[in-house]
Amino acid sequence: MRNDLRSHGLWELSAPPAPATVALAGDVEADVAIVGAGYTGLSAALHLASAGVSVVVLEAEEVGFGGSGRNVGLVNAGLWVMPEDVIEGLGPVHGPRILRLLGDAPSVVFDLVARHGIACEAEHVGTLHCGVGRAGLASLKERERQWRRLGAPVRLLDPGETREMVGSGVYEGALLDARAGTIQPLAYARGLAGAALAAGARVHTASPVVSARQEGGWWRLRTEAGSVRAPKVIVATNAYTHADIGGLWPEIRAELIHLPYFNIATVPLDAAQLRSVLPKKQGAWDTKEVLTSFRLDRAGRLVIGSVGALRGTGLAVHRQWASRALARIYPQLAGVGFESEWFGSIGMTVDDLPRLHLLAENVVSISGYNGRGIAPGTVFGRVLADFARGVVSEAELPLPVTRAVPARARRAREAMYEYGSAAVHLVTARL
Numbered sequence: 001m002r003n004d005l006r007s008h009g010l011w012e013l014s015a016p017p018a019p020a021t022v023a024l025a026g027d028v029e030a031d032v033a034i035v036g037a038g039y040t041g042l043s044a045a046l047h048l049a050s051a052g053v054s055v056v057v058l059e060a061e062e063v064g065f066g067g068s069g070r071n072v073g074l075v076n077a078g079l080w081v082m083p084e085d086v087i088e089g090l091g092p093v094h095g096p097r098i099l100r101l102l103g104d105a106p107s108v109v110f111d112l113v114a115r116h117g118i119a120c121e122a123e124h125v126g127t128l129h130c131g132v133g134r135a136g137l138a139s140l141k142e143r144e145r146q147w148r149r150l151g152a153p154v155r156l157l158d159p160g161e162t163r164e165m166v167g168s169g170v171y172e173g174a175l176l177d178a179r180a181g182t183i184q185p186l187a188y189a190r191g192l193a194g195a196a197l198a199a200g201a202r203v204h205t206a207s208p209v210v211s212a213r214q215e216g217g218w219w220r221l222r223t224e225a226g227s228v229r230a231p232k233v234i235v236a237t238n239a240y241t242h243a244d245i246g247g248l249w250p251e252i253r254a255e256l257i258h259l260p261y262f263n264i265a266t267v268p269l270d271a272a273q274l275r276s277v278l279p280k281k282q283g284a285w286d287t288k289e290v291l292t293s294f295r296l297d298r299a300g301r302l303v304i305g306s307v308g309a310l311r312g313t314g315l316a317v318h319r320q321w322a323s324r325a326l327a328r329i330y331p332q333l334a335g336v337g338f339e340s341e342w343f344g345s346i347g348m349t350v351d352d353l354p355r356l357h358l359l360a361e362n363v364v365s366i367s368g369y370n371g372r373g374i375a376p377g378t379v380f381g382r383v384l385a386d387f388a389r390g391v392v393s394e395a396e397l398p399l400p401v402t403r404a405v406p407a408r409a410r411r412a413r414e415a416m417y418e419y420g421s422a423a424v425h426l427v428t429a430r431l
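My numbering puts the first residue of the sequence shown at 1, with every later residue one more than the last.
Treat each hint with caution, since some may be false.
Stated by the list, open to error - Derived lysine-lysine pairs resembling DSS-like cross-links, with alpha carbons at most 27 Å apart:
hint, residue 1, residue 2
1, Lys-280, Lys-141
2, Lys-281, Lys-141
3, Lys-141, Lys-288
What the hints assert, rightly or not - Using C-beta positions, here's what the derived DEER-type ranges look like:
hint, residue 1, residue 2, range
4, Glu-29, Leu-150, 40 to 46 Å
5, Glu-396, Lys-141, 30 to 36 Å
6, Glu-84, Val-427, 29 to 35 Å
7, Gly-217, Leu-426, 52 to 58 Å
8, Pro-17, Asp-270, 26 to 32 Å
9, Arg-134, Pro-17, 45 to 51 Å
10, Ala-138, Arg-163, 15 to 21 Å
11, Pro-250, Pro-159, 46 to 52 Å
12, Gly-312, Pro-17, 28 to 34 Å
13, Pro-92, Arg-163, 36 to 42 Å
14, Glu-361, Asp-158, 53 to 59 Å
15, Ser-276, Arg-408, 42 to 48 Å
16, Ala-114, Arg-411, 40 to 46 Å
Simulated from the structure, these hints should not be mistaken for laboratory data. Positions of the beta carbon are idealized from the N, C-alpha and C atoms, including for glycine.
Sequences and hints are given; from them, build the entire structure.
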């Protein structure tokens, strides 16, 4: 399958072309083999190749086919869970370590964009987490308190400041995080691929791995037309690990709960409209459980998104919801048309924390970004590159190395996400 307008929508329309790649043909060797050409795999490849390490990336579809090419494009710091919950969940060693790493992660993204000249509509102007009601505002106050204790440049805006920054009066307040920003996500993935290729990495698309076998201390990853032989393997497939259809590493799929997320983009807004909608170009999302996200692209389209899959009966429900939500947040945009729509899957874990696994000897995987994939994926790619090179030890990793544990009631939870979000949007679309 290739990217198309249903799978990648606006991002496929507006991204620069992907760098030229071909399917693997024949047998090759490398120091490190990487499975998956998303942010994590491409970042790992770039950092390995830049250090002089021979690396081959195998991608079943094409660069940025999974979540890396479908997401909202918010380059956020940290995780969805609050800092103190991260420390409670990961302990006093790994908790502070991952908070430091991910607190600085957006700067790593924007530094890579600048260093490699990646054309991805980068806006390093912060993001806005918008509070809905008293409960939403209270959660933002607590998030501000916890991050400020760690020295983060976050500030809770009052209602007047929020109205000015968002361009809407529907929110009680908003948490401005100056570390963050937005990108065109598929363009960023393609730019990482181009940078990795320029550094000497080999990237093969349309090359699904059909078997992985250890041979005398090395791994041989076979595709339909060739193989890669390498002593070390990085698996970076996350929510697009196709174990349900006979693929490898089924423990990754079994541990992740797939949350569908869609985006719908308006036609480009006119100059008058743009003056009153996110005038400083921050991306935004709210505190609702079935959240709403919204951001502008460089051409002035407003991209609005939420939980749900654009298929079956959900397609009409979510379209109707998007029209109502747009008019509620921005009455001045009521009746503005939409021109593209797409959706994908987010890999969720039961505790909202990512997972680092040794799947076998010298085979490492990272998964479960829980909707925070751009900055974490980029820095975890660098971390796994350093781990593969022996620059950092297992004891120095930002996450504990654990065994995969299947998520309980996974299929029921996935159905709840898809059909529950449709039910919520059906109700709110008719209010």
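For each hint, the structure was consulted:
1. Lys-280 to Lys-141: Holds: Lys-280 and Lys-141 sit about 23 Å apart, inside 27 Å.
2. Lys-281 to Lys-141: holds (23 Å)
3. Lys-141 to Lys-288: Judged against 27 Å, a Cα distance of about 15 Å means the pair holds.
4. Glu-29 to Leu-150: 40 to 46 Å: holds (44 Å)
5. Glu-396 to Lys-141: 30 to 36 Å: holds (35 Å)
6. Glu-84 to Val-427: 29 to 35 Å: holds (34 Å)
7. Gly-217 to Leu-426: 52 to 58 Å: Holds, since Gly-217 and Leu-426 (Cβ atoms, about 56 Å apart) stay within the stated range.
8. Pro-17 to Asp-270: 26 to 32 Å: holds (29 Å)
9. Arg-134 to Pro-17: 45 to 51 Å: holds (48 Å)
10. Ala-138 to Arg-163: 15 to 21 Å: Taking Cβ atoms as reference, Ala-138 and Arg-163 lie about 20 Å apart, which means the hint holds.
11. Pro-250 to Pro-159: 46 to 52 Å: Distance hint for Pro-250, Pro-159 holds at roughly 49 Å.
12. Gly-312 to Pro-17: 28 to 34 Å: Given a distance of about 32 Å, which is inside 28 to 34 Å, the answer is holds.
13. Pro-92 to Arg-163: 36 to 42 Å: 41 Å Cβ-Cβ, so the 36 to 42 Å window holds.
14. Glu-361 to Asp-158: 53 to 59 Å: About 55 Å separates the Cβ atoms of Glu-361 and Asp-158, which means 53 to 59 Å holds.
15. Ser-276 to Arg-408: 42 to 48 Å: Distance hint for Ser-276, Arg-408 holds at roughly 46 Å.
16. Ala-114 to Arg-411: 40 to 46 Å: holds (43 Å)
Violated hints: none; the structure is consistent with every hint.
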